[in-house]
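*Asks:* Below are the chains, spelled out letter by letter.
There are 2 protein chains.
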Amino acid sequence: MAKVSNVPTIRRLPGYLHLLKELKEEGQETVSTTFLASEMQIDPIVIRKDLTMTGASGKPRTGFVVADLVEAIENFLGWRTTTDAFLVGAGNIGSALLGYSGFASYGLRIVDAFDASPAKVGTIVHGHLILPMDKLPDRVATVKARLGILTVPADAAQEAADLMVAAGILGIWNFTPVKIKVPSDVVTQKEDLASGLAELSVRVKLREL
Amino acid sequence: MAKVSNVPTIRRLPGYLHLLKELKEEGQETVSTTFLASEMQIDPIVIRKDLTMTGASGKPRTGFVVADLVEAIENFLGWRTTTDAFLVGAGNIGSALLGYSGFASYGLRIVDAFDASPAKVGTIVHGHLILPMDKLPDRVATVKARLGILTVPADAAQEAADLMVAAGILGIWNFTPVKIKVPSDVVTQKEDLASGLAELSVRVKLREL
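In order, the protein sequences belong to chains A and B. Going by the working numbering, the first residue of the first sequence is number 2, and it counts up by one from there. Going by the working numbering, the first residue of the second sequence is number 2, and it counts up by one from there.
This is chain A alone, in the form it adopts within the complex (with noise of 0.2 Å):
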């Protein structure tokens, strides 16, 4: 597998999109490095690295086209094109992901969502109709999707991320505190809200100090 050795810049990327698409929403067809910097709060010398990594290129005077800019971005990420997900467990966590309507900039379309709970299958969730995990196999091998949202508690986590894997999954979004084993070619990416809790109350009390 190719190494990633750019994730801070490729983190920031869906930043400076925000940024851009509200600059193309209000007409604004050129914007500078000078500008961004202020906005984003971020170095002008590391926003011209990440821009130059997306194969976007500026010019000395009028700075980049928002239009192109954006486009570079979303190519890089392969946001211009709809990646299919699923979603493993519909409870707090992966209800309010079924219902967040940002995900379609982001071309990410959640194409079925699974739970474990007699309860829950065949309930509507944000226009979701939540199908028992026994189907899940059959419906990754047809919609063909590569991605999965993993929302399940954490005692469920390992067994329905094997689950994922056995039915063909490339990549795994982990919203679980768990960490999940996975075959090396299977690529997770775990979000965690306690890390960043970790983060903000260590700082709060660095603060107070």
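Check each hint, because a few of them may be wrong.
Note that the list lumps identical chains together, so a pair holds whenever it fits in one copy or between two copies.
What the hints assert, rightly or not - In silico lysine-lysine, BS3-like type, Cα no more than 30 Å apart, as pairs:
1. LYS206 <-> LYS121
2. LYS191 <-> LYS206
3. LYS206 <-> LYS180
4. LYS136 <-> LYS25
5. LYS25 <-> LYS145
6. LYS60 <-> LYS22
7. LYS22 <-> LYS180
8. LYS60 <-> LYS145
9. LYS136 <-> LYS22
10. LYS22 <-> LYS206
11. LYS206 <-> LYS182
Don't read these hints as lab results, they were simulated from the structure.
Using the hints provided, position chain B relative to the given structure of chain A.
*Replies:* Just chain B now, kept in the frame of chain A:
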């Protein structure tokens, strides 16, 4: 403000905590760095460095006492005392967080929830009465809440953050895609789903090369 130079360590601590609590429940009294390294898939040298930062000390043959290690990490993060937080924006993500039972183990208690929409004010979401935004300053002052959780739509983010800062909130946990501007003595922590998805998208794309 003191500088936080060891953010990666801080972000890893909840992962250790989660595993250690499981071991504790299973009745395991001591744990070795080697075991932690294999379970967490982290280099033993990094683990030793991380745990040393919390003030915990292990013994050559027996390793760490699980209960002591849990206490050291929780103390370091300030999670053994309860921190009161306000939530602003009771939409999908906000409602999910109101229903998230895991916060208690992080010492976080959401005491009040606010929303700008008259349709939501007065409703109960996961046991929380949704209050109107104009009650926020009074409530923050009364409860002496230090943290605010920001879960409003993007176009309402800066205004809501300004209101929280004016009310005396010390730290804002920002779930919006907006990079909010706050005075330098207020801590912000951005929880960015888009960044996580960007990283996953690129890593799955590279895997397919």
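*Asks:* Go through the copies and call it for LYS206 and LYS121: within, between, both or neither, with a Cα cutoff of 30 Å.
*Replies:* neither (41 Å within a copy, 33 Å between copies)
*Asks:* Cα distance capped at 30 Å. Does LYS191 pair with LYS206 within a copy, between copies, both, or neither?
*Replies:* both (25 Å within a copy, 17 Å between copies)
*Asks:* Under a CA distance limit of 30 Å, which applies to LYS22 and LYS180: within one copy, between copies, both, or neither?
*Replies:* between (35 Å within a copy, 14 Å between copies)
*Asks:* Treating 30 Å as the Cα threshold, decide for LYS206 and LYS180: within, between, both or neither.
*Replies:* Cα proximity of LYS206 and LYS180: in one copy and across copies (27 Å, 22 Å).
*Asks:* Give the relationship of LYS206 and LYS182 under a CA distance limit of 30 Å: within one copy only, between copies only, both, or neither.
*Replies:* The answer is between: 20 Å across copies meets 30 Å, while 34 Å in one copy does not.
*Asks:* For LYS25 and LYS145, with the copy left unspecified, which applies at a CA distance of at most 30 Å: within, between, both, or neither?
*Replies:* neither (34 Å within a copy, 41 Å between copies)
*Asks:* As a check of your reading, is LYS60 near LYS22 (CA-CA no more than 30 Å) within one copy, between copies, both or neither?
*Replies:* within (20 Å within a copy, 55 Å between copies)
*Asks:* When Cα atoms must be at most 30 Å apart, do LYS60 and LYS145 count as within-copy, between-copy, both, or neither?
*Replies:* Neither. Shortest intra-copy (42 Å) and inter-copy (51 Å) distances fail the 30 Å Cα cut-off.
*Asks:* Measure nothing new, just compare the shortest in-copy and cross-copy C-alpha distances for LYS22 and LYS206 to 30 Å and report within, between, both or neither.
*Replies:* For LYS22 and LYS206, the Cα distance is within 30 Å only across copies (24 Å; inside one copy 36 Å).
*Asks:* At 30 Å max between alpha carbons, let me know whether LYS136 reaches LYS22 within a copy, between copies, both or neither.
*Replies:* neither (38 Å within a copy, 33 Å between copies)
*Asks:* Checking an output row: LYS136 and LYS25, CA cutoff 30 Å. Within, between, both or neither?
*Replies:* neither (42 Å within a copy, 36 Å between copies)
Checked against the numbered hints given earlier, this structure breaks hints 1, 4, 5, 8 and 9; the rest are met.
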